[in-house]
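So that you can map any letter, position 193 of the sequence shown is 193 in this note's numbering, and since no number is skipped, the others follow by simple counting.
Read the hints as simulated data drawn from the structure, not as lab findings.
The C-beta atom is built at its ideal place from N, Cα and C for all residues, glycine as well.
Be careful, since some hints might not be right.
[Said to hold, decoys possible] Keeping only pairs whose Cα atoms sit at most 27 Å apart, straight-line, the calculated DSS-like set for lysine-lysine is: (1) Lys209 to Lys150; (2) Lys263 to Lys352; (3) Lys73 to Lys106; (4) Lys73 to Lys101.
[As the list claims (entries may be wrong)] Simulated restraints, written as ranges between beta carbons of each label pair: (5) Thr204 to Ala171: 18 to 28 Å; (6) Met74 to Gly319: 14 to 24 Å; (7) Gly231 to Glu286: 47 to 57 Å; (8) Ser326 to Asp90: 30 to 40 Å; (9) Gly279 to Ala342: 19 to 29 Å; (10) Ala344 to Tyr59: 49 to 59 Å.
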Amino acid sequence: MIYTDLLVVGAGPAGLSAAAAAGTQGLDVLVLERSHQPGGQLVKQTHMFFGSKEQYAAYRGFEIADFLLDMIKMPNVKLQLNATALAAYDDGIWTAQVGEKYIKVKPRAVVVAAGANERNILFPGNDLPGVYGAGAVQTLMNQYGVRPAKRVVMLGAGNIGLIVSYQLLQAGVEVAAVVEASPNIGGYLVHASKLRRMGVPILTSHTVKRADGNETLESVTTWAIDEKWQGIPSTEVIWSADTLCIAVGLSPLCELLWQAGCKMVFVPELGGYVPYRDGNMATSIEGIYAAGDAAGVEEASVAMVGGKLAGLSAARYLGVDIPDESILDCHKQLEALRSGPAGAKIRAGLGKLTH
1 MIYTDLLVVG AGPAGLSAAA AAGTQGLDVL VLERSHQPGG QLVKQTHMFF
51 GSKEQYAAYR GFEIADFLLD MIKMPNVKLQ LNATALAAYD DGIWTAQVGE
101 KYIKVKPRAV VVAAGANERN ILFPGNDLPG VYGAGAVQTL MNQYGVRPAK
151 RVVMLGAGNI GLIVSYQLLQ AGVEVAAVVE ASPNIGGYLV HASKLRRMGV
201 PILTSHTVKR ADGNETLESV TTWAIDEKWQ GIPSTEVIWS ADTLCIAVGL
251 SPLCELLWQA GCKMVFVPEL GGYVPYRDGN MATSIEGIYA AGDAAGVEEA
301 SVAMVGGKLA GLSAARYLGV DIPDESILDC HKQLEALRSG PAGAKIRAGL
351 GKLTH
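Build the full structure now, drawing on both the sequences and the hints.
What follows is the structure, encoded as structure tokens:
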């Protein structure tokens, strides 16, 4: 049995920020990360961040990951890689697999920052080699230096689809088109503008009808859709491509929160089922906090601030005297990040899940 003040599940931007915040307060912190490398999605993000100085504006994602790792380098914070959290039990014990072994952890508080997984959609040929999630393509390019394709069709014009499309172009890959089912582009227009300047068409109110090929992907058929999201006959276009990259959103990884008995609610604006929580990231179960995409899919900048807030809130729950100003500063940063028209959907979703 491992005893610790705070257990953090996930070493992405939210989990590392939570661990740094709690560790700075003198708490013993154990961070479990299922990957062989900490940093989460940050390690494959080569674009510069927006926001303010507090959210590392003008730095690239992989640089921010290094900053966060430096912040948790303290004797009372332990980072365990290749550790998959498996279950939460009624007696407060959490289990994990570390390599070939299993461990039991008895924490006084928990921050679940397990992230999210990529969604897929159904269409004929979606299991052909050459049909990938955007995260897999980004990992091949930015982490391992492998050019993943020669000619790509991107499905999804959210920030992930737009950013990965631009990074593909930087890697010498031709992007035939970006296809978006919604009538409007979901990502920041600055990303869309960069693609359009490079001659990449962005087709809204379109989707993939089918993918074809003998042994691997050879072509992608798209078509327009109506206001009921139904395909419109005679609008089909066949694109020659060896890769179809799918970026149609993320779903929060909330299995541990379900197991722990946290009250959950379906909020489409935040990616699906997420935990009810208060403004300080506390779930309906005392001592359990949620942060990052596991608490609702948002940007990495929000994940970092939300993780810090969760870490400070957990420390306060465990008896540490946390100044109100520190909590208030996190709230102000989150409010600024979610302001404006771009944050309208997120604000609407948040209104459905506070308890």
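Hints the structure violates: just list their numbers, smallest first.
-> Violated hint: only 10; rest satisfied.
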